[in-house]
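Could you build the full structure based on these sequences and the hints that come with them?
As numbered in my numbering, residues -3 to 338 make up the sequence shown, in order.
Treat the hints with care, as some may be off.
DSBU-like, lysine-lysine: derived pairs with alpha carbons at most 30 Å apart [to be verified]:
#	residue 1	residue 2
1	LYS139	LYS310
2	LYS139	LYS300
3	LYS32	LYS8
4	LYS32	LYS15
5	LYS32	LYS139
6	LYS317	LYS300
7	LYS34	LYS139
To be clear, the hints were calculated from the coordinates, so they are not data collected in a lab.
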Amino acid sequence: MAFSEFRPLNEKSLIEYIKAEPSLSSNLGNNLDDIKIKEVGDGNLNLVFIVVGPAGSCVIKYIYCFLVAEYPDSWDDKLALPYIRCIGESWPMTKERAYFEALALREHGRLSPEHVPEVYHFDHGMSLIGMRYLEPPHIILRKGLTAGIEYPLLAEHMSEYMARTLYFTSLLYRSTTEHKRAALSQNLYYSMLFLLLPQLLLTPFIMEKILPPQGYSQLLYTTLGIIAECCGNVEFCRLTEQVVFSDPYMVSQYNCWTSPYLDRDAEALRQDNALELEVAELKSKRIVGVAHVEDFESITNASKRADCEQQALKVAKLLLKERRKFQAMSEVVSAIQNRSND
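This is the structure in structure tokens:
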């Protein structure tokens, strides 16, 4: 491990870190004399460093979760935030989410290596992921779509990625034993542990008769440890559920829309009982929420931006409330086109 304990990173200390990690320095050709580092994260959750050298490159994704008071010389107060920047201190975040992201990237990369950037390095203590950098002319897909670029292979690549990652991690492919073993090792099968825990706590005298000496204590501590590890991502899930399934349909300080153009639409959303029932049942699609959308925010004219947001809101409500009517994607596209022409 490059650093023995957690410490915040800036461009200077990042170079020190890379030098001490062979899995990163080797991807730069072990030549760090002329490397260039650029921070490109949006500042809400992560710091993302692009590291480019004469002999190679990589991306360092670093989840910051420290307070300025703890490390006053590392970053200014605009960056060193232990919470979602666009929300504020009322939504603190933990660094454990990096672990779950690295876990998913590695597993999905194993199943669909053509469509997932390779993970070179993960440091749990530093909440840091090092991965492949897709150099220009590659750009972020959303930016390309916003610019009107057509990607003829996008549907094929996305469907292949989804099919491989969903199928090969399901019981359609795995045996029951393999599925449970893999799920447990990836901290996804913790429901069994929650069911087991009450028995461990309430019947120690029975367990001690079954298990060898010290076996009960070891099993209990192991179970508690795995549950604690599994719960590390609960906070992020809770926040996502709040901004997707709760806040948009009620009066909340975190809601944001282009006022006054969409004031009536926001009120109508809060009064739409049928929509709220669908949202409560669905709980799986991120269609409306607090997250910023570059497609809209890049429109400087407030009136035009509000018109686009209004159309998107209508489509979102349509997909939520009438999703059972659609049997094919062509029907969804047709419905969206008809709604846009209204």
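These are the hints, each one checked on the structure:
For the proposed pair LYS139 and LYS310, the alpha carbon gap of about 23 Å is at most 30 Å, so the pair holds. For a cut-off of 30 Å, the pair hint linking LYS139 to LYS300 stands: about 19 Å separates their Cα positions. This hinted pair checks out: LYS32 and LYS8 have alpha carbons roughly 11 Å apart, not beyond 30 Å. With a CA separation close to 14 Å, the supplied pair LYS32 and LYS15 stays within the 30 Å bound.
Straight-line distance between C-alpha atoms of LYS32 and LYS139 comes to about 24 Å, which keeps the hinted pair within the 30 Å bound. Of the pairs offered as hints, the one joining LYS317 and LYS300 holds, with about 26 Å between alpha carbons and a cut-off of 30 Å not exceeded. Taking the CA atoms of LYS34 and LYS139, the gap is about 19 Å. The hint holds against a cut of 30 Å.
When held up to the earlier numbered hints, the structure conflicts with none and fits them all.
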